[in-house]
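Protein chains in written order, with the numbering used here: chain A, -11 to 352; chain B, 19 to 221; chain C, 18 to 200; chain D, 531 to 626.
The set of hints was computed from the structure by calculation and includes no laboratory data.
One or more hints might be untrue.
Said to hold, decoys possible - Going by beta-carbon spacing under 8 Å, a handful of chain B positions derived as facing chain A:
hint, residue
1, Ile21
2, Ser27
3, Leu28
4, Thr31
5, Leu32
6, Leu35
7, Thr37
8, Pro39
9, Val40
10, Thr41
11, Pro43
12, Val108
In this text the structure is predicted, and so the values were computed from the model without any measurement.
The C-beta atom is built at its ideal place from N, Cα and C for all residues, glycine as well.
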Amino acid sequence: MTDSLLAAGVKAFLVVFGLLTAFAYMTLVERRLLARFQVRLGPNRVGPLGLFQPLADAIKSIFKEDLVVSKADRLVFLLAPIISITFALVGFGLIPFGPKHAFFGWDPWVINLDVGILYLFAVSEMAVYGIFLAGWASNSKYSLLGSLRSSAALISYELSLGMSLLAPALLVGSLNLQDIVAWQENNGWLILPLFPAFALFFISSMAEAARTPFDLPEAEQELVGGYNTEYSSIKWALFQMAEYVHLITASALIPTIFLGGWRMPGFLPDIPFLWMFLKMALFLFVFIWIRATWFRLRYDQLMRFGWGRLLPAALIWFLLSALVVAAGASISVLNWFSLASVLVLLAVLLSGPARQKTAKGGAA
Amino acid sequence: MSIAALAQSLGITLKALFTRPVTIPYPDAPVALKPRFHGRHVLTRHPGGLEKCIGCSLCAAACPAYAIYVEAAENDPANPTSAGERYAKVYEINMLRCIFCGLCEEACPTGAVVMGYEFEMADYRYSDFVYGKEDLLVEVQGTKPQRRESTYTGREVKPGYAVPYARVELEGVNPPKARVERAAPKPWRDNPVDDDHHEGGHS
Amino acid sequence: MSFWEVVSAVLLLATALGVVRAQNAVHAALSLIANFLVVAAVYAGLEARFVAMTQVIVYAGAIVVLFLFVIMLLSAARSEAGPDPLPGLQPLALLGGVSLAAVLVYAVSRFQAPANPASLQGGLPQALGPLLYQPERWMYAVLLVGFLLLVATVAAMLLVEPERIAPPLSGKRPQDQQEGARP
Amino acid sequence: MTYLVVSALLFALGAYGALTRRTAILVFLSVELMLNAANLSLITFSRLLGVLDGQVVALFVIAIAAAEVAVGLGLIIAIFRRRETTSVDELRSLRG
Chain A
-11 MTDSLLAAGV KAFLVVFGLL TAFAYMTLVE RRLLARFQVR LGPNRVGPLG LFQPLADAIK
49 SIFKEDLVVS KADRLVFLLA PIISITFALV GFGLIPFGPK HAFFGWDPWV INLDVGILYL
109 FAVSEMAVYG IFLAGWASNS KYSLLGSLRS SAALISYELS LGMSLLAPAL LVGSLNLQDI
169 VAWQENNGWL ILPLFPAFAL FFISSMAEAA RTPFDLPEAE QELVGGYNTE YSSIKWALFQ
229 MAEYVHLITA SALIPTIFLG GWRMPGFLPD IPFLWMFLKM ALFLFVFIWI RATWFRLRYD
289 QLMRFGWGRL LPAALIWFLL SALVVAAGAS ISVLNWFSLA SVLVLLAVLL SGPARQKTAK
349 GGAA
Chain B
19 MSIAALAQSL GITLKALFTR PVTIPYPDAP VALKPRFHGR HVLTRHPGGL EKCIGCSLCA
79 AACPAYAIYV EAAENDPANP TSAGERYAKV YEINMLRCIF CGLCEEACPT GAVVMGYEFE
139 MADYRYSDFV YGKEDLLVEV QGTKPQRRES TYTGREVKPG YAVPYARVEL EGVNPPKARV
199 ERAAPKPWRD NPVDDDHHEG GHS
Chain C
18 MSFWEVVSAV LLLATALGVV RAQNAVHAAL SLIANFLVVA AVYAGLEARF VAMTQVIVYA
78 GAIVVLFLFV IMLLSAARSE AGPDPLPGLQ PLALLGGVSL AAVLVYAVSR FQAPANPASL
138 QGGLPQALGP LLYQPERWMY AVLLVGFLLL VATVAAMLLV EPERIAPPLS GKRPQDQQEG
198 ARP
Chain D
531 MTYLVVSALL FALGAYGALT RRTAILVFLS VELMLNAANL SLITFSRLLG VLDGQVVALF
591 VIAIAAAEVA VGLGLIIAIF RRRETTSVDE LRSLRG
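Using the sequences and the hints given, assemble the complete structure.
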């Protein structure tokens, strides 16, 4: 921590401000992109190209009537969205966007924690409470069922999320995100030796952000609206905000851990913010693309996939990389293992006609 | 469901991303109607200018929604309004009741009442939805609210539709032509065997 | 006593009071979460960063979630109603608590800290790991705790769903317990 | 030093709660509070003495607390299924 407390405060404010703006425009980008995926145009009426749509949405959701169910537990009802958005926002400050002093003489991150990955993990676990308490406080069966379901799902995927992060931590020998980025500068991107961990982390973070194949919390077809059925106006908007901030954090975290962070391989110049933003945009696009394409998993499928496939895969891969590290072998051994897993995946992908039922269900 | 199918579906949506949207930005661009669209009724005239309607009330009798009211009167032989013995002194259609089924058009013995293309009839008062002869005759452009707006703004009525060609029954109506003919939609399921590849545009 | 020490002490005691006195079980659990978070912050300040994060992840993130799950499943949020069968217990417990506090505070106040304690290296996993996995230090304890966790998992499964693991002894299935909204 | 006193007070508070609470779950919460107080003093001692072993023991406490909660809550659920109550006052059949 080279910066003063004041600098950290200013940067924290900037991060929150930036994240909330990004959230607002992510809603627009997502709606436009989804529309194009469905051969539609999307919202384009407010302002040029619909650019003022987020503003209109914000004004609308702030001035909507704020309903509180009369039998609700008022304190918890109010607390739940605040918990949700708080723990969504506090995770992002860790992610480095460039080298030291790249941000007008300040470091382009808010805090530099030695236990960065654990911190992110802790913060994302705390996000469960927002959903959980929202459903309980609403005193409505749809909300309660939705919140029980989704918090069970979140907790299940939390495990494989953590397990998949163990392998990079083991290889780098540090939980610090800066160290991970620096390690990747010297030894190549972690996606190469750890492709399965990357895939597992990608899937689990999709579940953590409650995105489409795993967007049980929403489930408007079955549960009216899940945990936020009884929420309206700004509180509902806070939940949406939290979801998008989780998404943005995930799309920044994946490149940081697996794709070299703000650095690019040698032949490209290091431009601190550009590469990171490009990588984030890529992952955000992939998330939206997947949302436009795939369906929601049923609750039992979701749990079976999480506990039955994702967690064992994460465990096996962790054991494998731990063995390689413990045996003192070089990373190239892991590269071969990783390549083998990609080949297996490709073989499953290409084998047989599309209609045939294969043993491996679910997303990959 | 296999992983291959999941990957294939991603390809389908990615292809959709790069196709032109089928959305018509309607109030900005005219909506392309089919030639036999059932819009607001038009009371047509004979080429000489005489009204075709002879006030026989068959349309009112045929109307399932009881939307039409006709009051006939004898023609002045020296200065006839219609081609028959009598003419419609009052001809009113309540557009709130009308279900645009077109039975009036079928019942009409002289082909006087024809379904036109206008459809932008949204208005504020119930009374404004009763269209009389002055709103229905063939030379009248636009619907009531459109014409009211054009008197405020001084601009001409701008029809929000376009059709490839006008029906022959609509004598004297010159609808705006659709400028670009959209590519005709592919015949649906011309290849029923290939189940997996019907990602074509559902227009 | 620095400013932050006072703030965290006040927060800790206030939230602990919430755990002990809140009428609603969910509020008590929420207080406990707040307590755990403050404790985690204190740990981080005491050069125990790995323990601090573990505190948040395991205690606040997993254990209290379990508590909340059970509270909601059993609709036990407001079950502390009805006459108190042991009305005399309250002052006795208060007395016991106060005397326990007095004894503990006295015991603690006699502790003399050495002037220059060794550095803990921030309590990072890199520092804790060698300690944990050295056979002459804590390795066997780690193994035992791991085994204990495994046994606890199996025991919990056995307690909650006996039929799934072992065939019923008495033949009759216990009533399926109802899940749903609070009354 | 402050934290040692605080942990003593927390422990006493937890003990008081464990004695007075009448719902099994709430008794449990108070016990967690006591464990936590013990942990706090462990960490503080570790800091004051400059010995890492205190933190190791705190980690063990956390792990064992997790095991204890899993079994304890399983017990509560099992009792609830049989007796439809979580009140500790009504669980008197354990008396001889």
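Hint check results:
| no. | hint | result |
| --- | --- | --- |
| 1 | Ile21 | holds, 5 Å |
| 2 | Ser27 | holds, 5 Å |
| 3 | Leu28 | holds, 5 Å |
| 4 | Thr31 | holds, 4 Å |
| 5 | Leu32 | holds, 7 Å |
| 6 | Leu35 | holds, 5 Å |
| 7 | Thr37 | holds, 6 Å |
| 8 | Pro39 | holds, 5 Å |
| 9 | Val40 | holds, 5 Å |
| 10 | Thr41 | holds, 4 Å |
| 11 | Pro43 | holds, 7 Å |
| 12 | Val108 | violated, 42 Å |
Checked against the numbered hints listed earlier, the structure breaks hint 12 alone; every other hint is satisfied.
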